[in-house]
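Participant: According to my numbering, the stretch in the sequence shown is residues 54 to 339, in order.
Note that these hints are calculated values from the structure, not bench results. Just so it is clear, CB atoms sit at the ideal spot from N, CA and C, and this is done for glycine as well. You may find that some hints are simply not true.
[As the list claims (entries may be wrong)] Quick list of the computed label-pair ranges, beta carbon to beta carbon:
#1 Glu325 x Pro252: 32 to 38 Å
#2 Gly122 x Thr277: 32 to 38 Å
#3 Asp250 x Gln107: 24 to 30 Å
#4 Gly215 x Leu144: 25 to 31 Å
#5 Ala321 x Asp251: 39 to 45 Å
#6 Pro284 x Gly121: 43 to 49 Å
#7 Met245 x Gly215: 15 to 21 Å
#8 Pro97 x Thr294: 20 to 26 Å
#9 Ser237 x Leu144: 27 to 33 Å
#10 Glu325 x Thr291: 39 to 45 Å
#11 Ala295 x Pro242: 30 to 36 Å
#12 Leu144 x Val299: 17 to 23 Å
#13 Gly145 x Val280: 37 to 43 Å
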Amino acid sequence: MSARRAAKSLYCRLLALVLAALTLCAAPLAAQPDLADLPYGPDPKQQLDVYLPQTTANAPVIVLVHGGGWRFGDKANDPVWRNKAAHWTALGAIVVSVNYRLLPEANPLEQAQDVARALAYVQDHAVEWGGSAQRVALVGHSAGAHLVALISADPGLAQAMGARGWLASVALDTAMLDPLTIMSTAPSPLYMQAFGDDPAFWTQVSPLARLQPSAPPMLLVCSTQRVNPCPQARTFATSLTALGGVARVLPIDLSHRAINEAIGLHPAYTAELDAFLRDTGLWGPS
Numbered sequence: 054m055s056a057r058r059a060a061k062s063l064y065c066r067l068l069a070l071v072l073a074a075l076t077l078c079a080a081p082l083a084a085q086p087d088l089a090d091l092p093y094g095p096d097p098k099q100q101l102d103v104y105l106p107q108t109t110a111n112a113p114v115i116v117l118v119h120g121g122g123w124r125f126g127d128k129a130n131d132p133v134w135r136n137k138a139a140h141w142t143a144l145g146a147i148v149v150s151v152n153y154r155l156l157p158e159a160n161p162l163e164q165a166q167d168v169a170r171a172l173a174y175v176q177d178h179a180v181e182w183g184g185s186a187q188r189v190a191l192v193g194h195s196a197g198a199h200l201v202a203l204i205s206a207d208p209g210l211a212q213a214m215g216a217r218g219w220l221a222s223v224a225l226d227t228a229m230l231d232p233l234t235i236m237s238t239a240p241s242p243l244y245m246q247a248f249g250d251d252p253a254f255w256t257q258v259s260p261l262a263r264l265q266p267s268a269p270p271m272l273l274v275c276s277t278q279r280v281n282p283c284p285q286a287r288t289f290a291t292s293l294t295a296l297g298g299v300a301r302v303l304p305i306d307l308s309h310r311a312i313n314e315a316i317g318l319h320p321a322y323t324a325e326l327d328a329f330l331r332d333t334g335l336w337g338p339s
C-alpha cells in the first residue's frame with residue numbers, strides 16, 4: 054500500500070472513531086420515536102416516524118428521506134435519524150423520518166411520489182404535532198437525495214400528490230442529478246437495476262431535466278472523495294440559478310457515508326447546514 058493510500062486509510066479509521074465518540078457524547082434521545090409508523094398511504098412501507106422537541110409551538114419540521122440504492126434502507130436505521138434528530142430537536146424542530154416503497158415494487162419515480170405523498174401528510178398534520186405546515190424542509194441522502202431533488206426540481210410532482218410548497222431542500226451526496234448523462238455513459242449495475250434502459254424514463258426521473266423556476270432553495274452537499282456528485286451538483290446549481298432560483302453547493306471532504314452520519318456531530322459541517330436552513334426562514338425571523 055502506498056504512503057498516500059495508507060494515510061487516507063488511517064484518516065478514515067480515525068474519522069470513524071471520532072464519529073463514534075461524538076455519538077456517545079451527543080444529547081440523549083429516546084430510542085423510539087414519539088409517534089411511530091404513522092401511515093401516509095395504504096402500503097405497509099408508506100409510513101413515517103415523528104421525533105418531537107421538548108416543547109412545540111409552531112415548530113419547524115425537517116423531513117428525512119433515507120438512502121439505500123432505491124432498493125434498501127429504512128426510516129428507523131440509526132444513521133438515518135439519530136444524530137440529526139438529536140441535533141435538530143434540540144434546536145426546537147420536529148424531525149420526521151420517512152419510509153417509501155422500494156425496488157422492485159416501486160421504481161424511482163413512484164418512490165418520489167411516495168416522498169411527495171409523505172410531505173403532504175406532514176403538512177396536513179404538522180399543526181397537530183405542534184409544528185408549522187408553512188416551515189418544512191426536506192433532507193435526503195444518496196438515493197433519498199435523488200428523490201428529494203426530483204420533487205424539488207419539479208414541485209408539480211409533489212403538488213400532484215397533494216403537497217403544498219415547502220421552504221427548502223437538502224440533497225446529501227447524490228450522483229443522480231443527471232441520470233441522462235450517467236445512464237448514457239457507463240452506468241453501474243445498481244443504476245441499471247433502478248433506471249433501466251429507457252431514455253424516456255431517464256428524463257422522467259432526472260432532476261436536471263425536470264428543473265423548474267418554482268424549485269425551492271436547495272443545498273447540494275457533495276463528497277470530494279467521489280467522482281460524480283460535485284460536478285453534477287455544480288451543473289444543477291448553475292441551471293437553477295439561471296432560472297432565478299436559489300442553489301448552494303457544499304463540497305466537503307467526507308465519505309458518502311460520513312456526509313449522512315456526521316450531521317449533528319461535525320461542528321463546521323452541521324453549522325453550514327443550519328445556516329442554510331436558517332437563511333430560508335425555517336426557524337422564522339431571527
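Participant: Are the hints correct? Go through all of them and say.
Facilitator: Against the structure, the hints:
1. For Glu325 paired with Pro252, a C-beta distance near 36 Å keeps the hint of 32 to 38 Å intact.
2. Checked against the hint of 32 to 38 Å, the pair Gly122 and Thr277 fails, with Cβ atoms roughly 22 Å apart.
3. The beta-carbon spacing between Asp250 and Gln107, approximately 51 Å, falls outside the hinted interval of 24 to 30 Å.
4. Roughly 28 Å separates the CB atoms of Gly215 and Leu144, a value that falls within the hinted 25 to 31 Å.
5. Taking the beta carbon of each, Ala321 and Asp251 are about 42 Å apart, inside 39 to 45 Å as hinted.
6. A beta carbon spacing of about 24 Å between Pro284 and Gly121 contradicts the range 43 to 49 Å that was offered as a hint.
7. The hint said 15 to 21 Å for the Cβ distance between Met245 and Gly215, and at roughly 32 Å that hint is violated.
8. Separation of Pro97 from Thr294 is about 40 Å and departs from the stated range, judged on CB atoms against 20 to 26 Å.
9. A beta carbon spacing of about 42 Å between Ser237 and Leu144 contradicts the range 27 to 33 Å that was offered as a hint.
10. Distance hint check: the CB atoms of Glu325 and Thr291 are about 20 Å apart, inconsistent with the given range 39 to 45 Å.
11. In this structure the hint that Ala295 and Pro242 lie 30 to 36 Å apart at CB holds, the actual value being about 34 Å.
12. Take Leu144 and Val299: their Cβ atoms lie about 22 Å apart, and the range 17 to 23 Å holds.
13. Checking the proposed 37 to 43 Å range against Gly145 and Val280 shows it holds: the Cβ atoms sit about 38 Å from each other.
The structure fails hints 2, 3, 6, 7, 8, 9 and 10 (numbered hints given earlier, in ascending order).
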